[in-house]
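Enquirer: Below are the chains, spelled out letter by letter.
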Amino acid sequence: MPSQAQAVFRYPEALREVTTHYCPGCTHGVIHRLVAEVLDELGVRQRTVGVAPVGCAVLAYNYFATDMQEASHGRAPAVATGIKRARPDLIVFTYQGDGDLASIGMSEILHCANRGEKVTVVFVNNAIYGMTGGQMAPTTMPGQVTTTSPLGRDVGLAGEPIRMAELISTLHTPGFIARGAVHQPLLAVRTKDLLRRAFRYQVEGRCFSMVEILSTCPTNWGLPPHEACDWLEKHMVPYYPLGVFKTPEGGDRASRPL
Amino acid sequence: MAKKLMKGCEAIGEAAIRAGCKLFFGYPITPQNEIPEYLSHRLPQVGGTFVQAESEVAASNMIYGAAGAGERVFTSSSSPGISLMQEAVSYLAGAELPAVLVNIMRAGPGLGGILPSQADYLQATKGGGHGDYNVIVLAPWSVQEAADLVADAFDLADYYRNPVYILGDGLIGQMMEPVEFREDRKPVREIPPKTWASTGWKGDRPRAVVNSLYLDADTLEKHNRDLQEKYHRIRRDEVRYQGYGLDQDYDVLLVAYGTVARVCLTAMEELRDQGIQVAILRPVTLFPFPYDALANAAAKAKAVLVVELSAGQMLQDVQLAVHGSRPVHFHGRTGGNLVTPEEAASKVREVLDGRSEEVRHA
Amino acid sequence: MPRIEIDKDRCKGCELCVKACPQQILGMTKDLNAKGYFYAAVKEQKRCIGCRICCVTCPDVAISMSVHGTMVHYFRY
Chain A
0 MPSQAQAVFR
10 YPEALREVTT
20 HYCPGCTHGV
30 IHRLVAEVLD
40 ELGVRQRTVG
50 VAPVGCAVLA
60 YNYFATDMQE
70 ASHGRAPAVA
80 TGIKRARPDL
90 IVFTYQGDGD
100 LASIGMSEIL
110 HCANRGEKVT
120 VVFVNNAIYG
130 MTGGQMAPTT
140 MPGQVTTTSP
150 LGRDVGLAGE
160 PIRMAELIST
170 LHTPGFIARG
180 AVHQPLLAVR
190 TKDLLRRAFR
200 YQVEGRCFSM
210 VEILSTCPTN
220 WGLPPHEACD
230 WLEKHMVPYY
240 PLGVFKTPEG
250 GDRASRPL
Chain B
0 MAKKLMKGCE
10 AIGEAAIRAG
20 CKLFFGYPIT
30 PQNEIPEYLS
40 HRLPQVGGTF
50 VQAESEVAAS
60 NMIYGAAGAG
70 ERVFTSSSSP
80 GISLMQEAVS
90 YLAGAELPAV
100 LVNIMRAGPG
110 LGGILPSQAD
120 YLQATKGGGH
130 GDYNVIVLAP
140 WSVQEAADLV
150 ADAFDLADYY
160 RNPVYILGDG
170 LIGQMMEPVE
180 FREDRKPVRE
190 IPPKTWASTG
200 WKGDRPRAVV
210 NSLYLDADTL
220 EKHNRDLQEK
230 YHRIRRDEVR
240 YQGYGLDQDY
250 DVLLVAYGTV
260 ARVCLTAMEE
270 LRDQGIQVAI
280 LRPVTLFPFP
290 YDALANAAAK
300 AKAVLVVELS
310 AGQMLQDVQL
320 AVHGSRPVHF
330 HGRTGGNLVT
340 PEEAASKVRE
350 VLDGRSEEVR
360 HA
Chain C
0 MPRIEIDKDR
10 CKGCELCVKA
20 CPQQILGMTK
30 DLNAKGYFYA
40 AVKEQKRCIG
50 CRICCVTCPD
60 VAISMSVHGT
70 MVHYFRY
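The listed protein sequences correspond, in order, to chains A, B and C.
Be aware that the first sequence starts at 0, since it is given in numbering that gives the first Met the number 0, and climbs by one per residue.
Be aware that the second sequence starts at 0, since it is given in numbering that gives the first Met the number 0, and climbs by one per residue.
Be aware that the third sequence starts at 0, since it is given in numbering that gives the first Met the number 0, and climbs by one per residue.
Now the in silico label distances, taken between C-beta atoms and shown as ranges: (1) C/43 / A/142: 38 to 44 Å; (2) B/54 / A/151: 31 to 37 Å; (3) A/155 / B/54: 28 to 34 Å; (4) A/151 / B/191: 52 to 58 Å.
Hints in this document: simulated from the structure, not taken from any laboratory.
Glycine included, C-beta positions come from ideal geometry on N, C-alpha and C.
Produce the complete structure using the sequences and hints provided.
Expert: Encoded structure:
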């Protein structure tokens, strides 16, 4: 009788086994799984509350097998603040896109980070507004064509794309700020480690944590999934460098001597 | 507990704490600053949490999160700040979350002024945000009543799982009056446990999803029907008003709420000395509005006079209640000016002498 | 001996796993799944080295892996 087959890779408990509405090849799905796997590994699923944004991930409350709240557009960090202040024993995370966090919710994310709320922000940067059909976002690349920058983003009129990880890491309040990507498998493995560190800082009640994760949008970029990954590698990674920008131990980046 | 001389804002803060509320999220704006100021030192004393948010938009969404986690929660602001909170109020109603919001009204529109006003009546009672929803609106006329209504507000909010406004014209927040916090107070309603709250899913109850999004039309329509059924129950069971002289004969019925009703009370005595009989009906709940009581009271009078610190907003509800059966007259002050008893009394005389124009339509 | 299973009705036909597999043993079928996508399938199960890269890559957790006996861990995941 051959030994029992041992499952090595399967659905994490913190992810509900339902079909998601995400487009084929959209790496939101990978990020959802990484977050769920980290919640399982840290054993906190039963005391976690997630806050879903308005955007492609608006239906995240159907996908995470935890208690969830649906925030209004851009306000997830404030909702998370309310939950965490009401119940500091809960593990609270927000899952937000770039339109939600870097545009309408800019004030909320900056002040949530600056107050040092002990919450974890999973920030998905795919350089576009996905759910509403591909409009320009604060993170849209120069020259990138979207439904509201039909001739390509004109930095003279719309400014340069915003680097949230760098921006937030200049805040003096301690925190863990990093940027990862999931368009290549081994980068996804490294991003999972960033998420693990971020959530662990929260479990230890240490500091605010945010992981910005570059992600693809095959549908609105108008590229097949595989080419979208290549486009991201070629155009986004150079402008949005991957790595850890700030840790509570290391002091803030701005004061590092030149 | 002995009476204590307190400023309205501080009494409101203390009343919230005594109602078991340990969480305040707010933002500075005159004339309600003393509420966050008071709570910023008082809440830590009772193991509570005070957070000054970066904006009223953020504060109102913190309220959403904390209420969604099942805790009693409270915010206060003043007219322009309450306008910024309107989206969140619609979400609180849509997600059926209990929360108490205090509006110490100031003169508008726009930046307006910081003096008293009642010009947010329609925003509060007809829904300042999007979608079909209602908020229970309680309007105190004294510091004591403000404290009592704050306590009731938390019970009503929890019982109906709905936001509740305390609507105070600027005076309520700023004046000092003796106030007593009743220890023996019984809850207005029996509050069921908050099994719907997002407190961590351990499998012993359905997964909690605090949400107001329903992409399927039939599901959202059913949700809307449930909400309307709730508002029907509120209209049926929660109407509150006070009457002054309603049981005697009177020529003119005065309708006013908040501190303006106290001004009318003084005017009533002055008029009575001149042999002119008036009565006053003071709505305490602006939603649900006392339409029936007002219709009955109006039937006994020759005319109705609505007095407000606005250009005429409750006026519309009075017209609905009176339904053309009696002429409805209006006297209002705006900009932060107050109605004086003399003004109210002379307006009554004008109404009786036929020198006052009936309000055709608001 | 590692074994890859692709849940054919969960797959959305994005082909990311096919390109990611270092052994190039995954391919797209010609038949449609319940969603109407051409789904991915394992072409040569025997040549699978159990690296799990396809599992990590799949955005829809359509690929699971089980092992008989010991497993080689190429990376900590």
